[in-house]
Amino acid sequence: DVKVTQSSRYLVKRTGEKVFLECVQDMDHENMFWYRQDPGLGLRLIYFSYDVKMKEKGDIPEGYSVSREKKERFSLILESASTNQTSMYLCASGDLGTIGGELFFGEGSRLTVL
Amino acid sequence: DQQVKQNSPSLSVQEGRISILNCDYTNSMFDYFLWYKKYPAEGPTFLISISSIKDKNEDGRFTVFLNKSAKHLSLHIVPSQPGDSAVYFCAASEQGGSEKLVFGKGTKLTVNP
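Line order of the protein sequences matches chains S and A. Under the working numbering, the final residue of the first sequence carries the number 107; numbering is consecutive throughout. Under the working numbering, the final residue of the second sequence carries the number 128; numbering is consecutive throughout.
If you're looking for bench data, these hints aren't it; they were derived computationally from the structure. Any given hint could be a false lead.
Partial selection, computed: residues in chain S whose CB lies under 7 Å from chain A [what the hints assert, rightly or not]:
#, residue
1, GLU10
2, PHE13
3, PRO32
4, LEU36
5, ILE53
6, PRO54
7, GLY56
8, TYR57
9, LEU83
10, GLU95
Restraint ranges, calculated between C-beta atoms of paired labels, are given here [claimed, not checked]:
#, chain 1, residue 1, chain 2, residue 2, range
11, A, ASN22, S, ARG2, 10 to 20 Å
12, S, THR76, A, ASN127, 17 to 27 Å
13, S, GLU72, A, ALA56, 36 to 46 Å
14, S, PRO32, A, ARG32, 41 to 51 Å
15, A, SER27, S, THR79, 37 to 47 Å
16, A, GLU57, S, LYS50, 35 to 45 Å
17, S, GLU55, A, ASN22, 26 to 36 Å
18, A, SER84, S, GLY56, 23 to 33 Å
19, S, ARG2, A, GLY75, 39 to 49 Å
20, A, ARG32, S, LYS(-4), 29 to 39 Å
21, A, ASN72, S, SER58, 33 to 43 Å
22, A, TYR54, S, SER60, 21 to 31 Å
23, S, GLU55, A, GLU30, 39 to 49 Å
The C-beta atom is built at its ideal place from N, Cα and C for all residues, glycine as well.
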């Protein structure tokens, strides 16, 4: 079974703190993604990466950065957390662009910024 | 500009009846469509997909229908069970093109016993 593991299920941080969200996948997928999910807004893409050290902005990259030093690991960084970044963060991996491609998601990280 | 639209935020059905979840898209380049199911405090899980070369795909109680001319797809769940209560996301992608999925905002399905 494909496994996408997110390092923290629940985090509480203060405004201005630096936040790291880690994600590891074990299926040797080329592509990895970070989404956030908010009520009424669905899943919105923050950043994605199609190769080591490569990254592409998604729909809402402002206030976030990412790092992909190894194929299996994709990190989301909030340089200075703000209350409007309180959300559920979802990491995913997959080989899209091929027939039958789908994304596999981690269990999510619920971040609260006070 | 929402490329994938799920216009019903919620749907409530009785156990044993049919649930029909709808999804519309605007990008004619989309040619692969997926449905994901999400329980609270968990990540979405893949449910069923359909390629644009088909108009129907079935997997047990779940069937997805695609109407390319109308840019519309629907997910049918028959019979509905209380365990099907979740948020359902429709998603679309371009094969061999953009390597990302575009998601709708989701429909919360409640199946009442």
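Status of the hints after comparison with the structure:
Using the Cβ-Cβ criterion of 7 Å, the hint placing S:GLU10 at the interface with chain A is not satisfied: the shortest such distance is roughly 23 Å. This hint is violated: S:PHE13 has a C-beta 19 Å from the nearest C-beta of chain A, more than the 7 Å allowed. Using the Cβ-Cβ criterion of 7 Å, the hint placing S:PRO32 at the interface with chain A is not satisfied: the shortest such distance is roughly 9 Å. For the restraint placing S:LEU36 at the interface with chain A, the shortest Cβ-Cβ distance is roughly 4 Å, inside the 7 Å limit, so the hint holds.
The interface hint given for S:ILE53 is violated, since its Cβ lies 13 Å from the closest Cβ of chain A, which is over the 7 Å cut-off. With 7 Å as the threshold, the beta carbon of S:PRO54 stays out of range of chain A, its nearest partner Cβ sitting at about 13 Å, so the hint is violated. For S:GLY56, the suggested interface contact is broken, since its CB lies about 20 Å from the closest CB of chain A, more than 7 Å. Interface hint at S:TYR57: violated, since its Cβ lies 16 Å from the closest Cβ of chain A, which is beyond the 7 Å cut-off.
Below 7 Å, beta-carbon pairs count as interface contacts, and S:LEU83 has one with chain A at about 6 Å; its hint therefore holds. Interface hint at S:GLU95: satisfied, since its Cβ lies 5 Å from the closest Cβ of chain A, which is below the 7 Å cut-off. Under the hint 10 to 20 Å, the C-beta atoms of A:ASN22 and S:ARG2, about 32 Å apart, miss the expected range. Roughly 36 Å separates the CB atoms of S:THR76 and A:ASN127, a value that falls outside the hinted 17 to 27 Å.
A beta carbon spacing of about 27 Å between S:GLU72 and A:ALA56 contradicts the range 36 to 46 Å that was offered as a hint. A hinted range of 41 to 51 Å is violated for the C-beta pair S:PRO32 and A:ARG32, which are about 26 Å apart. The hinted window of 37 to 47 Å between A:SER27 and S:THR79 is violated, with their beta carbons roughly 28 Å apart. With their beta carbons about 27 Å apart, A:GLU57 and S:LYS50 fall outside the hinted range of 35 to 45 Å.
For the pair S:GLU55 and A:ASN22, the supplied restraint of 26 to 36 Å holds, since their beta-carbon distance comes to about 28 Å. A beta carbon spacing of about 41 Å between A:SER84 and S:GLY56 contradicts the range 23 to 33 Å that was offered as a hint. Distance hint check: the CB atoms of S:ARG2 and A:GLY75 are about 30 Å apart, inconsistent with the given range 39 to 49 Å. A hinted range of 29 to 39 Å for the beta carbons of A:ARG32 and S:LYS(-4) is consistent with their spacing of about 35 Å.
The hinted window of 33 to 43 Å between A:ASN72 and S:SER58 holds, with their beta carbons roughly 38 Å apart. Checking the proposed 21 to 31 Å range against A:TYR54 and S:SER60 shows it holds: the Cβ atoms sit about 29 Å from each other. Separation of S:GLU55 from A:GLU30 is about 44 Å and conforms to the stated range, judged on CB atoms against 39 to 49 Å.
When the structure is compared with the earlier hints, violations turn up for hints 1, 2, 3, 5, 6, 7, 8, 11, 12, 13, 14, 15, 16, 18 and 19 and for no others.
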